[in-house]
Amino acid sequence: MTLQRVIPAKAGIHQISPYIILSIFSFFALISPSFVSADAKSDYDFQYGQYRQNYPEYALLKADYLNTPSLDNQQKAMLAAKQTIYSRDLVKASFAWYLLDLINSSKANYEPVQPIITSLSNSREFYMKEAQKSQSIVTQEDLKKFTAGYLKDVIHHDRMIKFGILANKITSLVRIQLDSKKALDTLSSKLPVPQPAILAERIQELTNSSKAIDLKIDTIAKNLNIVDAEEEADAEIFFNSRVEKIVEIQTLQLDWINRLIDIDKNYAQPNR
Amino acid sequence: MPSPIDKITNPEALKLIHDIQSGVIFAPLIAKIIKYKWYIISGFILLVLIIAISFGRAIFRRSQAPIFTPPDIGLPEPTVVETFTSEYEWIRQNIIDFGTELPDPVLPALDNAIDLESVNI
Chain S
1 MTLQRVIPAK
11 AGIHQISPYI
21 ILSIFSFFAL
31 ISPSFVSADA
41 KSDYDFQYGQ
51 YRQNYPEYAL
61 LKADYLNTPS
71 LDNQQKAMLA
81 AKQTIYSRDL
91 VKASFAWYLL
101 DLINSSKANY
111 EPVQPIITSL
121 SNSREFYMKE
131 AQKSQSIVTQ
141 EDLKKFTAGY
151 LKDVIHHDRM
161 IKFGILANKI
171 TSLVRIQLDS
181 KKALDTLSSK
191 LPVPQPAILA
201 ERIQELTNSS
211 KAIDLKIDTI
221 AKNLNIVDAE
231 EEADAEIFFN
241 SRVEKIVEIQ
251 TLQLDWINRL
261 IDIDKNYAQP
271 NR
Chain Z
1 MPSPIDKITN
11 PEALKLIHDI
21 QSGVIFAPLI
31 AKIIKYKWYI
41 ISGFILLVLI
51 IAISFGRAIF
61 RRSQAPIFTP
71 PDIGLPEPTV
81 VETFTSEYEW
91 IRQNIIDFGT
101 ELPDPVLPAL
111 DNAIDLESVN
121 I
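So the sequences go chain by chain: S and Z.
Just so we're aligned: 58 in UniProt numbering is position 58 of the first sequence, and the numbers increase by one with no gaps anywhere.
Just so we're aligned: 108 in UniProt numbering is position 108 of the second sequence, and the numbers increase by one with no gaps anywhere.
Excised from the complex, chain Z in its bound form (with noise of 0.2 Å):
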């Protein structure tokens, strides 16, 4: 029986074909990893190692020690004093208020010896 290739009669298909089969095609590509091989190697162990770090991080976040917080132990709240307001405090305050001075209220100057005999002014 024969192959499908038999039938292709084309003369650029069968070239192609025969390009692929020995290679000649990829000899260009091969060319050109062997000329840029030690970036392609470098850019591999980069690659590598992101991937390697990358692993490690989720590991180590895993592998992460638990956080203990503090019980929440609230606001410290200010302490109230109660002012104690007696109903007798006016008594006290009418007690301060009191003037103690004399006189209280001042005696008006005034003169008693009002003419026009002599100089007494």
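Isolated chain S (complex conformation) (with noise of 0.2 Å):
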């Protein structure tokens, strides 16, 4: 290229260039709210929008096809089916990483969840599979084999959501707990010194109420046991019999705070 046509095609450039950056941050503008939206809570109610559209669907199909099975019907329920099946998994799996998002976001770091929190991961990454798997299913005698198969494998994974929705409450609880103990550190630090015995007495007693209600969470925890008691998960005492454990350790904490807080009111703050 010679020199003359060399400076016009630079010139070029230069003038195109702002119009090529301006076009760049467009796009990116225009793509950015879809990045930011979408997280755990907004994937899964995406998801669960898809499988409500596609089941009725599913449905209606499968019952024409049951009232009249020609090719054509099969093939629009079967169509149906798999894609019945590909969001339903989906909403497994985006439902599983709204709890793991859930749980994660206490940042409690409550070691007895941690076995549940692993099996909600593979649990997560199973509904994965299982959707990609569905889109395989050819005929009617796949579908059949598929849904029996899963059946029989999908019923630990289910269990493991009920656990993760347990355990995404008993992370919070220690949230609170560890919240609260923060609390008492710092307080503990305002307070007059020495200490009159009466305020002391009520620091000890915040202290020893503390542990109780630790130790109640524990027992809790302990009795999510995923080997020993996942079949417990199927009866329908299994969340009941826990509601009325954490309104307990719920009405013990709000006493607790209270209590701090009346410390502080009395004996923290200047000029009172």
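Hints listed in this document are in silico derivations from the structure and should not be mistaken for laboratory results.
Some hints here could point you the wrong way.
To be verified - With a straight-line cut-off of 20 Å between C-alpha atoms, the simulated SDA-like cross-links for lysine to any residue are: (1) S:K182 <-> Z:E87; (2) S:K162 <-> Z:D111; (3) S:K211 <-> Z:R92; (4) S:K162 <-> Z:E101; (5) S:K216 <-> Z:L102; (6) S:K144 <-> Z:S118; (7) S:K152 <-> Z:A113; (8) S:K222 <-> Z:L102; (9) S:K133 <-> Z:L116; (10) S:K133 <-> Z:L110.
Fair warning: this is a prediction, and the values are worked out from it, not measured in the lab.
Given two chains presented individually in distinct reference frames, assemble the corresponding complex, making use of the accompanying hints.
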């Protein structure tokens, strides 16, 4: 390329480059909201919405096929079934992700629920694989085999979802305990020295109460042994039996923080 | 020494002087006064009364008892209730907001038995 040709070419690039940069920025500006909104909850809501669209269609086409078992109706019902299975397992996978996200957002690092977290991650992978596997279904026989295998394998993973729900509650309670302990430490540094006998007694009571609440949370967590108590998840009382204990812990925590705030009000605030 | 009147020769002026001296000129006025004497007396009495009331009022105002007003005690100030907000209030709020119902989040209602074999829907 001669010099005469290169100079106009460079000049052309300089003229166009602002437009290219602007276009790139515009592109990222347009796609950025989709990145921001793609959190675990919105993903779950989206997938569940997809399933709720697909399922009635599958139900209708299946009924059509059973009433009029033509090849055309069978193909339509097969496609709808595949689509519904795909969206169902994506719902489960995203629900598992949503639970994991909730548990991790507590930042409790509570050891007793770690096996549940691991199992929940494994279950999420299982659902993802099943969603992919469902797309290889071709015949009605394939669908039958797939569902038969799925019904057998999914029991454990569906139970893990239930355990995950409880693990989320437990880690939330643990988070409150951690925040409460931190608050007590901060408050203790603000209290007058030497502490009056009544105040020292009240602080000691708080410390003891905190340990008692920790113990109650530990008891619930230890009862969630996924190896020994997996089948409990099928029982109707799986959740109901634990609600009472969770309410009890919440009441104790509320009483504890009220007492802490009372000490803060009466002893730690200047000019009171 | 002759008086200045003696020098007046104008008969009209002389007549006027004579009327004044004799009181003839006042005769119609006196007649009117006599005619309206009761009106005049009434008006006089009324005037005297008004003047007397004015004087009485002036004297009353001067002799009025002083009004004692209570000392200014100012407006009542509303009692300021200090609202105490602890820095640990957010923990209490987290505990209150913590949902105890289970399952939370609610399990999605899903069909595990999707096939074309039976009417299970």
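Here is how each hint holds up against the structure:
1. S:K182 <-> Z:E87: Roughly 12 Å separates the two Cα atoms, so the pair holds.
2. S:K162 <-> Z:D111: holds (16 Å)
3. S:K211 <-> Z:R92: holds (18 Å)
4. S:K162 <-> Z:E101: The hint holds at about 13 Å.
5. S:K216 <-> Z:L102: holds (18 Å)
6. S:K144 <-> Z:S118: Measuring from Cα to Cα gives roughly 10 Å; hence the hint holds.
7. S:K152 <-> Z:A113: holds (11 Å)
8. S:K222 <-> Z:L102: Roughly 18 Å between the alpha carbons, so the hint for S:K222 and Z:L102 holds.
9. S:K133 <-> Z:L116: holds (18 Å)
10. S:K133 <-> Z:L110: holds (18 Å)
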